[in-house]
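Engineer: First to last, the sequence lines map onto chains Y and L. For the record, in the first sequence the residue sitting at position 55 is 55 according to our numbering, with numbers rising by one throughout. For the record, in the second sequence the residue sitting at position 162 is 245 according to our numbering, with numbers rising by one throughout.
Hints in this document: simulated from the structure, not taken from any laboratory. Everything numeric in this text was worked out from a predicted model, so none of it was measured. Glycine included, every Cβ here is placed at the ideal spot set by N, Cα and C.
Cβ-to-Cβ under 8 Å is the rule here; a few derived chain Y residues that face chain L:
(1) 27
(2) 54
(3) 78
(4) 80
(5) 83
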Amino acid sequence: MRVQLALFASLSQYLPEAAAEDRVSAHAQMVDLPDGTTVGQVITTLGLPDEPRIVFVNGRHAPDEHTLAEGDRLAIFPPVAGG
Amino acid sequence: MGDILRVNMSDLSITREPLPEKWARYGGRALTDAIVFAEVPPDADPLGPENKLVIAPGSLGGTTGPNTGRLSIGAKSPLTGGIKESNSGGTAAHALARMGVSAIIIEGEPEDKLGRYVLRLFADGKVDIVHRHDLAGLGTYETVAVAKGIEAAEHRMSEKSSFILVGPSGEMGMKAAGIAVTDPAGYPNRFAGRGGLGAVMGSKGLKLIAIFYEGLGATEHADKDAFNAASKKFGAALREHAVTGQGLPTYGTNVLANIINEAGGYPTNNFALGQFEGVDGISGETMREITVERGGNVKHGCHAGCVIQCSRYYVDKDGHYKTKGPEYETAWSLGADCGISDMDAVAELDRECGDLGLDTIEMGVTLGVYMDSGKIAFGDADAAMAALKEIRKGSELGKILGDGAEATGLAFGVKRIPVVKHQGLPAYDPRPIQGIGVTYATSTMGADHTAGYTITANVLGVGGNVDPLKPEGQAELSQGLQIATAMLDSLGLCIFVAFAVLDIPAAFEAIGEMMSAHTGETWGADELMGLGKEVLTMERLYNDAAGFTAADDRLPAFFYEDKLPPHDVVFTVTDAELDSVYSFVPETAAAMGITKPGS
Ligand code: SF4
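If we strip away everything but chain Y, and leave its shape as in the complex, we get (with noise of 0.2 Å):
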């Protein structure tokens, strides 16, 4: 299945390399998964530091079991605040 994967601020270096024709923005491109992939599953393989991160799938937290499905948006940020 096709997801787009975006990663933000420290993470950004994590991305892995793309075609051209895959990049969607600065921080976001489209991955081929195999189907049932979890959230857990992509953080391990793209071999995220183990810290605190925040995860959103089509714009909704969700947790590391979450399985992706065709066509979602999956984001990861890393501690992140302001104001």
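Starting from the structure of chain Y, add chain L with the ligand where the hints point.
Structural biologist: Structure of chain L with the ligand alone, referenced to chain Y:
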């Protein structure tokens, strides 16, 4: 405990009186509130002689405690019509506290309506007022340059000099005018922005306050060793937490742009959309890249003793200082809310607002509303700049824009006017992030995100998790944060310490320990939260007397009616829940023995 410096602009007299015993526990917001509550009639004309401008460092101001140098400025607000405390960084709070000044009260009104005055405080305790008509109409940057030149000629300038000042918008009495405070490098780029306090200062004929604090050391403590230990513990917690230790110092507050956009709560084109296509152009990541490439400063504190250091400078293509690295709120208001996605354009608008002395949140929202009227187009940065130039000219259009979003929306017949208690909404849409809607609706300050920053648990996973899209739990979340914030603002602590305080118990303990060691009184969790309640109670009673009712504790109708994409949601927290946020007021008022302002 310091003194109150009372400056009467009617007869240009200055008196120094000891802080009354009843206010001994108050600093910062608690003290500005107590003075406004006691001395400014709720029906006073905000720009008339009865209003008073009160400037106070927090209870921990002047100490070496981490992040304790925030400044509170209070008055009756010309924008909201209620009580106002606007909070600023910069060097002034520590400077005042080190001079033994707990509060400056500016009262009365000068006989010479066109007069421009400078109040000067010297390290040896001398205070004077000088007439300085040559500063009339100058922008904030030029004002500081001219004032520095004159003082330098008389050998008074040093790095230990701090200025509090207004720009032309304040002199013209505009309701979007803020008060600028200089940062450690002397730039007038920190602001007590909200609520039109610049207009109050302008109405007093006061252009600038200069504080020369060379040679003054940190204030004394009741128990120095205990204070140092608590202060160390607090600093360690701030460095340990991922947000205050890494996120904020690396990217600044604008790191929020992408995450709030992701959550669908990034107000775009005057609150028509919840996501901005051009967010990449104005995000914190982009701002950092541009600044690093151009050789700008990407990390410093707004005052000595800040260990978080979220500040940075934005520089032009040649590497010259342009403005403070736009905060998240500013990059949003002058960016996404106006459909502008170019960081350089946003920085130019920010610089212009700063020089005019305008609140960037109110002005960005105002420009968004103006664009929504069709007079100028969304995304047109040149037209936005031209509109700001009208403010400098003081033209008819400029006067409308300078009075803020509501004045502009009413003048041009705009349907969506995003204000609560007449004050423009900040950078989070309350439909997909409902907790912040509770704060906007109920805060005594008008729409103000800092008053109870529910983005923590709603979006950022700090201090727990409360689903932002549902109404449940939002009133309680907002109430707790409003109380805690009122406390932090009174101690002079930067509210960004809250990110660590909400997650690390030792950080909260350390605040009480610093207060106990500094004052010699007992300050535990109960006393700290009790102080927060007292602050909100004074504010609430003042606003009641000024004529606010439950109807003022609501969001504009369109937030209940127009669904916001991408989540297609409206604001659903009930009126009863909104009305529950201040349920503690009667009990606290009774315990304090107050009923109405002046009592
Ligand atoms: S964290 Fe930022 S706003 Fe707070 S005191 Fe430090 S520089 Fe100022």
